[in-house]
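Keeping their order, the protein sequence lines are chains A and B.
The first sequence begins at 20 in our numbering and counts up by one.
The second sequence begins at 20 in our numbering and counts up by one.
Take these hints with a grain of salt, some might be off.
Because identical chains share one entry, a pair is satisfied inside a single copy or across any pair of copies.
[What the hints assert, rightly or not] No farther apart than 16 Å at their CA atoms in a straight line, the calculated lysine to aspartate or glutamate pairs in the EDC-like style are these:
1) Lys331 - Asp287
2) Lys290 - Glu333
3) Lys273 - Asp230
4) Lys325 - Asp239
5) Lys292 - Glu330
6) Lys331 - Asp237
7) Lys75 - Asp239
Source of the hints: derived by calculation from the structure; they are not laboratory data.
2 protein chains.
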Amino acid sequence: MKQRHILPHYRIAVVGTGAVGGYYGAKLAHMGRDVHFLLRSDLEYVRKRGLRIRSKQGDFHLQKVQGYGNPEEIGPVDVVIIALKATQNEALETLIPPLLKENTTLITLQNGLGNEAFLAERFGADRVVGGLCFVCLNRTAPGEIQHLGHGLIVLGEYGKYPLPRTHDLQWEFKRCGVVCQVAGDLGQARWRKLVWNIPFNGLSIAAGGVDVGHILADDDLLYLTRQLMREIIQIARTLGHEIPESFVEDQIRKTKEMGAYLPSSLIDYQKGKPVEVEAIWGEPYRQGFNAGAEVGRLEMLYHQLKRMVREKQEQVALSGS
Amino acid sequence: MKQRHILPHYRIAVVGTGAVGGYYGAKLAHMGRDVHFLLRSDLEYVRKRGLRIRSKQGDFHLQKVQGYGNPEEIGPVDVVIIALKATQNEALETLIPPLLKENTTLITLQNGLGNEAFLAERFGADRVVGGLCFVCLNRTAPGEIQHLGHGLIVLGEYGKYPLPRTHDLQWEFKRCGVVCQVAGDLGQARWRKLVWNIPFNGLSIAAGGVDVGHILADDDLLYLTRQLMREIIQIARTLGHEIPESFVEDQIRKTKEMGAYLPSSLIDYQKGKPVEVEAIWGEPYRQGFNAGAEVGRLEMLYHQLKRMVREKQEQVALSGS
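With the rest of the complex left out, here is chain A (with noise of 0.2 Å):
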C-alpha cells in the first residue's frame, strides 16, 4: 500500500548535489516527495540518466531528477536542504534569495561549526534548522553514490528547543527511510561531533596522512587524541554544553570498530580539494580562545592544518590541476 503524505507535501530543493545532497535528497524523491536538485558538474549526465545510489540496504536509481543549474529555476521552495561545503558558504549569499518564500526552512547538513551562524546572519534565524549526518558516502561516478554505512541525521534548532516544525522535519525524514533524531540542544550535538572530528580528522592530516586505526595504534597520537578530546569536552562546558567525561573512552572504543578509516578531511586533503578547516577547527578554536577556555592544543592543530591545506592548495594551483 502506497503510504499517503499526512503532512502538506513539501517543495524541496538541495544545494549542493555531492555526495551528501545527492544521498538524502534521493531518499526522499525515491518516497515521491518534490525534490528540485540544484547541480554543477554532473547536471547534463544526472538529467539524463539520473542518481544512482549504491548502498547494502539496497541500491536504487532515481530515473527522473528534477536538476537545475541555478536557483531561479527552481523558485521559491518550503524547504532547503544545504550541503555544500563549508568552505564553499559564500556562494550561499547568491544561491540561496530565489528559493525562499515567507517560511522557507534552510536546513544546514554542513560540518562542524559556524553554518546556522552564517545562515542566520544572511536570512533570519527562525529559518535556520541545524543537521548532523552521520553517514559514510561516496561520490563514486557522475551521478553515483556509494552509501558505506549509517545514515543518522540529527536535527536541531539554531540557538533554541526544538519546534513543532523540526519534529515535523524529523517525521519528514523518517517516511523517507532516513533514522532521523531531533536534538534538544543542537550545539552540543554539534560539540559531541567535533570531539570526535577534531582528532581524527585533523590528526590523521597532520601525522602525514594515516588512518583511524593508525592513530589508535601509536602511543603519540593516542595520547594527543584523548587530550584533544578532553579539551574540545572543556571548551563546550564553558560554553555550556554538557559532555561527560566518559565520552571520551566511548568514543576511542567505537574507533577500534572503524578499522583503517580513513577521515574524510583527509580523503579531500590528499586529493587537494578544499578542507573544512574553518569549519572543524577555526570556528571551534575562536570560540573557545573568545570564552577563555584552554584552546593551546587546538590552537596548535587549527594553525598547522590550516598552513597545510593552504601549501597544499597553492601546489595543486601550480601544478595546473
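Put chain B on the given structure of chain A with help from the hints.
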C-alpha cells in the same frame, strides 16, 4: 708574554668530543690547559693529526691532542666537561666514574632540561655545574670543527646561587678566550633558552623541514611561535623563573637577523641522527604538566616530534645505514 696561571692548573677531561666538546676543549688546550679528550670515531685521526678549528676569530690547529678511547686511560680529573648529546646520557653512567676524585666538578654543556638532575642523582649534586652554550659550530670533517659565530658560555650552579668555583671556572674559560658569564639562576637561563629552542627547533621539524626565516614569514607558524613562547614563559613562571613578556618580541627580532638559519635539531632530524626530544621538549613538558601549568601547545609539539623522530629512526634503521 705568556700568561701565567693564577689558579691551580686544572686537569680537565672532555667527554663527548663532537663540535661543542671539541671546540671548547681545543680553546682550553690551545692556551696550555691540561685537556684530555675522550674520543670515539675520530680517535686515531685526532691522535695523529690533532684538532683543527676554523673560525673568523682566527683558525688554529691543536697539533698534539691528548686523545683517549676510554675514561680509565684518562683517570681522575678536576673538571669534566660533558658535551655528549643528551640522548646518550646513559653512557655517562660508565664514562664518568673513572674520572672522579673527591672534588671533581662536572660541567654539562648539554641542551635542554634534565641533564644536571641526571648527573646530580648519580654523582652528587655538589659536583654539578650547568653550562649553556650560545654558539654556532659544525663538525666538518674528522678532527675539524667550523666555528660559525658566537661562543658564549653561561655557567650556573644546579639549584643554588653561584659559588666561588663557578666564578673560578668562568675566569678559566675567559683566560682561554671564551666569552663566559655566570648566571644567578641557572634554571631561569635554561628556560630563557628554551623559549627560543622549543618553538624554532620544534616547528622547523614539525612543519616539514623549514628554516627560521620560513617560520617568521608564515602567518600561522609565526602565530604558533609567539603562542608557544608565551606558554613556555608561563610554565617557567609557574616553576619560579620569571621571564618578562617582552622577551617574546626580543627573540622574534633577533631571529629575523638569522636569515635562513636551520636549527641544529632539524639538521640532526634530516640526517636521521638522534634528536634531543626529551631534553628540549619532553622534560619541559613534564615539569610544566606536573606543576599544573597550561601546557597544551608544548604537549602537541612534544608528542608530534617524538613520533616523527621515532619513525625517522625506524626508517634509517630499515634502510640499513
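Consistency of the hints with the structure:
1. Lys331 - Asp287: within (11 Å within a copy, 26 Å between copies)
2. Lys290 - Glu333: within (13 Å within a copy, 28 Å between copies)
3. Lys273 - Asp230: Within one copy, since 14 Å is at most 16 Å while 40 Å is not.
4. Lys325 - Asp239: between (22 Å within a copy, 7 Å between copies)
5. Lys292 - Glu330: Cα proximity of lysine 292 and glutamate 330: one copy only (12 Å, versus 27 Å across).
6. Lys331 - Asp237: between (25 Å within a copy, 14 Å between copies)
7. Lys75 - Asp239: Classified as neither; 36 Å inside a copy, 43 Å across copies.
Checked against the numbered hints above, the structure breaks only hint 7 and satisfies the rest.
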